[in-house]
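Build out the structure end to end from the sequences listed, making use of the hints.
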Amino acid sequence: MSRPAAIVIGASAGGVEALLKVLGALPGDFRLPVLIVLHLPDERHSDLAEVFARRLQRPVKEAQDKESIAGGMLYFAGPGYHLSVEQDRSLSLSLEDRVNFSRPAIDILFESAADAYGPALIGVLLTGANEDGAKGLARIKDCGGLTVVQDPAEARVTVMPRAAIKLHTPDYILTLNGIGHLLADLDKRPC
Amino acid sequence: MTEERSTDIEIRLLIEAVYLKYSYDFRDYAGASIKRRIHHALHQTECVSVSALQERVLHDPTAFMQLLQYLTIPVSEMFRDPEHYLAIRRDVVPLLKTYPSLKVWIAGCSTGEEVYSLAILLREEGLLDRTIIYATDINPGSLERARQGIYTMENVRAYTGNYQRAGGLCSFADYYTAAYGNAIFDSSLRENVTFADHSLATDSVFSETQLISCRNVLIYFNKKLQDRAFGLFHESLCHRGFLVLGSKETLEFSGYAHSFDALARRERIYRKS
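Protein sequence lines correspond, in order, to chains D and A. Mapping of the first sequence onto the working numbering: position 97 corresponds to residue 97, and the numbering continues sequentially without gaps. Mapping of the second sequence onto the working numbering: position 227 corresponds to residue 227, and the numbering continues sequentially without gaps.
Just so you know, these hints were derived from the structure itself, not from any lab. Honestly, I wouldn't trust all of these hints.
[As the list claims (entries may be wrong)] As a list, the in silico SDA-like pairs of lysine to any residue whose alpha-carbon atoms are at most 20 Å apart:
{"no.": "1", "chain 1": "A", "residue 1": "Lys35", "chain 2": "D", "residue 2": "Asp97"}
{"no.": "2", "chain 1": "A", "residue 1": "Lys224", "chain 2": "D", "residue 2": "Gly118"}
{"no.": "3", "chain 1": "A", "residue 1": "Lys35", "chain 2": "D", "residue 2": "Leu95"}
{"no.": "4", "chain 1": "D", "residue 1": "Lys61", "chain 2": "A", "residue 2": "Glu252"}
{"no.": "5", "chain 1": "A", "residue 1": "Lys103", "chain 2": "A", "residue 2": "Arg240"}
{"no.": "6", "chain 1": "D", "residue 1": "Lys141", "chain 2": "A", "residue 2": "Arg5"}
{"no.": "7", "chain 1": "D", "residue 1": "Lys135", "chain 2": "A", "residue 2": "His43"}
{"no.": "8", "chain 1": "A", "residue 1": "Lys35", "chain 2": "D", "residue 2": "Gly118"}
{"no.": "9", "chain 1": "A", "residue 1": "Lys97", "chain 2": "A", "residue 2": "His239"}
[Unchecked claim] Negatives, chain D to chain A, calculated, CB over 10 Å:
{"no.": "10", "residue": "Phe30"}
{"no.": "11", "residue": "Gln57"}
{"no.": "12", "residue": "Lys61"}
{"no.": "13", "residue": "Val85"}
{"no.": "14", "residue": "Asn100"}
{"no.": "15", "residue": "Glu154"}
We put the CB at the ideal spot given by N, CA and C, even for glycine.
This is the structure:
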């Protein structure tokens, strides 16, 4: 792949701990933007951004509609709205029907980001109890991006990583530690 | 990737064709969402390609009306985000009461849930009798449903909790008659409501207003079209008039950031400065 320009991550059940581990392994000067959909039971309220900002000591925010994507920032999809990436690499929100019973849906973020970034995208799918994200990850691969799935042997809930592996062959199947190191290495790639 | 690129071209051509033939302008809608909706329409209409859909739509107005249902998103609920309505009662109503008569514009009213919610709030605050509400949308099918004011009982049960959390003063059931699994809303709520076809993309301002509610419409527009809409709102609102947006919508990234003050930032209530 060419030099990556962004990372998208999807997770569901068990996702908070998994994300803390992966994101905690990223160095302070990490340059790539990271866009995250984490399913939560409560649609309306979320303080994910605050929780992760406190724990990770790095800039984290809830993604806003029409916001330009900034390097080094972690963006969480807010509750109740789908998050997409537009062609000009800005963010947009929408209220279309739930996808895989979820809003925000991982597939929607992954598929729109694949359209916007093509081969410069890294997609990561972690632990989870439904099949959201599998189609989106396959789309990232189709568009020339790099795909990473958490090793089901390690995942707290295996449905999500297994569904992804069933649909396409990811570039990497790794433990959370391995994913953290891989992302840190990819970020260091020269332009 | 090349296949992907061809589809993007076809989508642009379809949107252009819709504009040229039917004057519905989706050219400055946010691309990711419109692309998903066209793919959905493609699937539902069993067209083999976007070009095939374009051909059908160009030659068959009923096929266009069908496509329009997919392109507009009728997702709405009554008293959605109850805290917004609480904030309207708390921060906006006392100021609205100082006007001898009121004009309210609900832009992008979809199937009308927002219209009845606001009408109920205004009635409870003693304002509905001296208010004219303009409820506008681009989708005639949605407008017709809004005019009828009939919603499924199943949904209305969910709205009841919203109504209570929104500071409702009565019993929600006072506002509708239940029949055959539906709730038919009290027609006196819409006595002063004018439902009208109006496009934020192509039409201009039609009246001076004191309050504009435009919720979960602007997220589907790109920045350019958002700015056009904000321009219309700015022009329509009276001095110090109120603008209410959806819970994830903001003036912040627009060219009108400095033309409005935030009255209740969390609840997205702004005031023309």
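Now the hints, each set against the structure:
1. A:Lys35 x D:Asp97: Distance ~14 Å between Lys35 of chain A and Asp97 of chain D Cα, so the pair holds.
2. A:Lys224 x D:Gly118: violated (25 Å)
3. A:Lys35 x D:Leu95: holds (14 Å)
4. D:Lys61 x A:Glu252: holds (15 Å)
5. A:Lys103 x A:Arg240: This hinted pair holds, its Cα atoms lying about 14 Å apart.
6. D:Lys141 x A:Arg5: Status holds; Cα separation ~16 Å.
7. D:Lys135 x A:His43: holds (17 Å)
8. A:Lys35 x D:Gly118: Cα-Cα ~16 Å, so holds.
9. A:Lys97 x A:His239: Holds, because 15 Å separates the two Cα atoms, which is no more than 20 Å.
10. Phe30: With a cut-off of 10 Å, Phe30 of chain D remains clear of chain A, as the shortest Cβ separation is near 25 Å.
11. Gln57: holds (26 Å)
12. Lys61: holds (13 Å)
13. Val85: Given a closest Cβ separation of 7 Å, the condition is violated.
14. Asn100: Non-interface label on Asn100 of chain D holds, nearest chain A Cβ at 14 Å vs cutoff 10 Å.
15. Glu154: holds (32 Å)
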